[in-house]
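Q: Can you build the whole structure from these sequences, using the hints too?
Protein chains: 2
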Amino acid sequence: MLLRQTQLVSRTVREASKEDVSVNAQLLVRAGFVDKLFAGVYSYLPLGVRVLAKIEQIIREEMTRIGSQEVLMPALQPREIWETTKRWDMEVLFRLKGDGDRDLALGPTHEEVVTPLVGRFIQSYKDLPASVFQIQTKFRNEPRAKSGVLRGREFRMKDMYSFHIDQADMDAYYERAKEAYTRVFDRCGLGAQTFLTFASGGPFSKYSHEYQTITPFGEDTIHLWREKGIAVNREIADEVRDTPEWKGAQLEEVKAIEVGNIFQLGTRFSDACGISVQDAQGTKRPVLMGCYGIGSTRLLGTIVEVHHDERGMRWPEEVAPFDVHLVSLARSDAERSAVERLVQELDARGVDVLVDDRDVSAGQKFADSDLIGIPVRAVVSAKTLAAGSVEVKRRVSPEAERVPTQAFLAQFA
Amino acid sequence: MLLRQTQLVSRTVREASKEDVSVNAQLLVRAGFVDKLFAGVYSYLPLGVRVLAKIEQIIREEMTRIGSQEVLMPALQPREIWETTKRWDMEVLFRLKGDGDRDLALGPTHEEVVTPLVGRFIQSYKDLPASVFQIQTKFRNEPRAKSGVLRGREFRMKDMYSFHIDQADMDAYYERAKEAYTRVFDRCGLGAQTFLTFASGGPFSKYSHEYQTITPFGEDTIHLWREKGIAVNREIADEVRDTPEWKGAQLEEVKAIEVGNIFQLGTRFSDACGISVQDAQGTKRPVLMGCYGIGSTRLLGTIVEVHHDERGMRWPEEVAPFDVHLVSLARSDAERSAVERLVQELDARGVDVLVDDRDVSAGQKFADSDLIGIPVRAVVSAKTLAAGSVEVKRRVSPEAERVPTQAFLAQFA
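So the protein lines, in turn, are chains A and B. Going by our numbering, the residue at position 12 of the first sequence is 12; the numbering climbs one at a time, nothing skipped. Going by our numbering, the residue at position 411 of the second sequence is 411; the numbering climbs one at a time, nothing skipped.
Just so you know, the hints here were simulated from the structure itself, not pulled from any lab data. Check each hint, because a few of them may be wrong.
Copies of the same chain are indistinguishable here, so a pair counts whether it falls within one copy or spans any two.
[Said to hold, decoys possible] Derived pair list, reagent style DSBU-like, types lysine-lysine, alpha-carbon separation capped at 30 Å:
id	residue 1	residue 2
1	Lys-255	Lys-383
2	Lys-36	Lys-365
3	Lys-36	Lys-97
4	Lys-365	Lys-284
5	Lys-36	Lys-86
6	Lys-146	Lys-97
7	Lys-284	Lys-36
8	Lys-18	Lys-146
9	Lys-247	Lys-36
10	Lys-383	Lys-247
11	Lys-97	Lys-86
12	Lys-126	Lys-36
13	Lys-146	Lys-36
14	Lys-365	Lys-126
15	Lys-206	Lys-393
16	Lys-228	Lys-255
17	Lys-247	Lys-228
18	Lys-18	Lys-97
Bear in mind the structure is a predicted one, so any value in this text is a computation, not a measurement.
A: Laid out in structure tokens, this is it:
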């Protein structure tokens with residue numbers, strides 16, 4: 001993908017709205033990745049769409065790798081299915097009328113849809129385990145939505161649901177899901193900051209697991225056992241402290257953002273929806289379920305919270321909107337032709353390049369490049385052209401270096 | 001992608017609901033591509049998700065090719081923006097409360113969001129033309145939703161919006177959009193049945209253009225001038241009949257499904273939203289807009305309406321859920337190993353293969369293969385293995401033929 005900034009629909013803007021105090025919203029709005037429609041509801045502009053698509057593709061690949069199959073369930077859900085599970089009174093449910101005077105909800109989660117849906121296709125233990133996921137837009141009527149794209153009223157999320165004949169199979173899949181989650185956060189550049197965190201199970205089971213990413217601006221507080229690479233949510237820290245596993249743990253209290261959560265649902269939903277299967281002896285058995293969430297728009301915001309400096313964002317390679325930000329300081333037609341040749345050579349190598357071909361000052365170009373945060377900035381000017389080189393600066397390093405043009409291109413061979 | 005039917009979450013089912021009388025819903029439900037939640041609202045199962053993703057990728061490529069940039073706008077939209085354009089009373093709007101007692105709508109279309117969004121980034125004629133598109137879930141509170149996935153209350157759609165300084169530039173882009181639309185329908189296997197159709201412009205302009213796909217079960221009636229490859233919607237047939245362009249036209253009345261529509265909006269929305277730009281003389285000029293829709297879920301349903309026979313669906317190659325349906329009739333371990341080697345060789349060549357490894361009769365497998373409608377069926381049995389061949393049948397042809405295994409594989413080299 002090759003895109004020229006003179007063609008790019010979005011622009012960098014000097015200031016984001018004062019209401020949007022979060023780092024992620026400030027930087028994403030200023031760099032032209034997102035635009036706020038109202039509190040907790042954002043449009044994604046071309047650069048933001050590119051990052052979101054990369055994050056969602058990583059998630060899709062890792063869920064597929066553990067045998068889960070992609071589906072797409074509706075946001076519009078009839079009241080009856082929420083009454084079956086006794087959750088129609090859930091606080092964050094958006095409720096509306098449609099199809100005449102019918103009561104509908106906008107799905108904040110999909111247990112009510114997925115349980116009967118998969119239930120229709122599983123009759124015997126031979127049909128299990130089964131696992132499906134979707135990457136979809138979800139709706140939660142949050143009382144306060146003030147953390148940029150971290151806590152939206154409309155947001156994108158991957159939710160996966162698994163179905164099992166017994167606890168041993170449930171546990172085995174749960175461990176595979178943990179490994180898939182670790183790979184997702186590693187690939188999104190959050191591996192070093194993200195910890196499996198024991199949390200309260202809420203209404204479904206004694207404990208659940210969160211994936212918490214440490215950052216000073218997190219809404220959650222966790223107690224991190226750094227040596228072991230695990231943590232416990234503050235809510236249940238006192239409760240677990242005396243258990244054998246956590247005895248003698250050195251716990252640090254840190255702020256974090258919950259980027260994923262997984263929990264075992266037991267038979268909570270399969271019982272409510274009347275889903276059972278026959279075991280090898282022909283006896284009806286309840287179905288155990290697991291549920292596994294990652295908010296993809298939240299993950300995008302978290303990456304910004306973790307990877308930025310005072311000048312702007314610093315995208316990890318695998319989720320960056322482009323691989324190379326080619327900043328042209330060409331002034332003559334000959335210089336512009338030389339830049340164009342380089343652009344074409346990068347494009348031919350399959351490198352995603354954003355070209356700054358705008359008629360603005362070098363200072364403005366450098367400032368915008370730091371703000372947008374593409375991993376590699378390559379400057380081409382009369383000076384570098386005379387030396388047969390480009391000036392390469394990685395966004396995460398303080399120093400630029402002159403690299404012969406052929407050597408620069410050879411990296412992408 | 002390699003998927004075994006014993007692992008596939010969905011199943012073929014003998015009968016779809018009697019209420020769902022449309023051909024597309026009957027076949028898609030029976031083959032396990034979709035599942036109805038309530039009237040006009042469907043879940044997409046793994047096979048359906050694969051087709052939908054292919055259709056949407058074709059649309060994405062063709063819109064990108066004419067310089068449009070992908071964005072993603074919210075479904076949740078505040079009442080005020082719909083009052084600005086005087087459309088809050090639109091009949092099909094789902095209305096709800098959120099963010100306290102605030103009035104919200106679920107977007108059936110996005111002029112109200114996109115016009116101020118793009119408007120913030122265009123200041124001068126140099127910033128034009130601009131074009132953005134999104135592929136997104138839309139909501140329309142249809143009074144009747146009875147055509148399967150053709151007319152949903154929740155559906156997927158690509159909507160593109162373009163912005164221009166003058167009529168000449170608007171017209172030039174409009175022609176490019178027409179070419180992009182033609183490529184989309186060609187690639188989706190509907191080229192031969194789909195005709196540019198003159199239609200009433202509705203509230204925005206004198207005429208608009210629809211893309212109508214001829215099928216006996218279409219909701220629309222068009223008058224087709226087959227020789228010229230164009231049509232006119234019945235609504236305005238009398239009106240145009242006497243114009244010079246249509247004089248002497250040989251018109252056939254046929255049923256059709258509207259798979260796309262494009263129209264020029266003039267300054268209807270840019271005026272309402274107060275969007276203007278400076279021209280080369282520094283004078284403020286209104287911005288002209290064009291709008292271009294394709295329903296991707298409707299397109300999926302239309303493909304089924306056009307490409308099926310009494311036994312099931314017949315997917316065109318580029319949108320088929322898999323390239324090859326490998327039907328295994330292996331009975332011994334040695335035969336199963338031979339099938340597995342073939343599966344691995346296809347997979348290694350990047351062929352998408354659905355393997356029917358179920359323990360059901362050959363008759364059931366053939367019936368399901370016809371129903372699912374993958375373009376190539378390859379049967380492997382003791383007999384074909386003994387002959388070093390596979391029995392290949394294209395879904396669209398009546399005859400199967402024995403092909404030496406190596407020759408079969410060589411097609412996918």
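Q: Next, verify each hint and record whether it holds.
A: Hints, verified against the model:
1. Lys-255 x Lys-383: The answer is neither: 47 Å in one copy and 66 Å across copies each exceed 30 Å.
2. Lys-36 x Lys-365: For Lys-36 and Lys-365, the Cα distance is within 30 Å only inside one copy (25 Å; across copies 52 Å).
3. Lys-36 x Lys-97: both (27 Å within a copy, 19 Å between copies)
4. Lys-365 x Lys-284: between (67 Å within a copy, 28 Å between copies)
5. Lys-36 x Lys-86: between (34 Å within a copy, 22 Å between copies)
6. Lys-146 x Lys-97: both (28 Å within a copy, 19 Å between copies)
7. Lys-284 x Lys-36: between (51 Å within a copy, 26 Å between copies)
8. Lys-18 x Lys-146: Within. Shortest intra-copy distance 12 Å satisfies the 30 Å Cα cut-off; inter-copy 48 Å does not.
9. Lys-247 x Lys-36: For Lys-247 and Lys-36, the Cα distance exceeds 30 Å both inside one copy (46 Å) and across copies (52 Å).
10. Lys-383 x Lys-247: So Lys-383 and Lys-247 fail the 30 Å test inside a copy (63 Å) and across (66 Å) alike.
11. Lys-97 x Lys-86: The answer is both: 19 Å in one copy and 22 Å across copies each meet 30 Å.
12. Lys-126 x Lys-36: between (48 Å within a copy, 25 Å between copies)
13. Lys-146 x Lys-36: within (12 Å within a copy, 36 Å between copies)
14. Lys-365 x Lys-126: Between. Shortest inter-copy distance 19 Å satisfies the 30 Å Cα cut-off; intra-copy 60 Å does not.
15. Lys-206 x Lys-393: neither (50 Å within a copy, 55 Å between copies)
16. Lys-228 x Lys-255: within (18 Å within a copy, 68 Å between copies)
17. Lys-247 x Lys-228: within (12 Å within a copy, 82 Å between copies)
18. Lys-18 x Lys-97: Between copies, since 25 Å is at most 30 Å while 35 Å is not.
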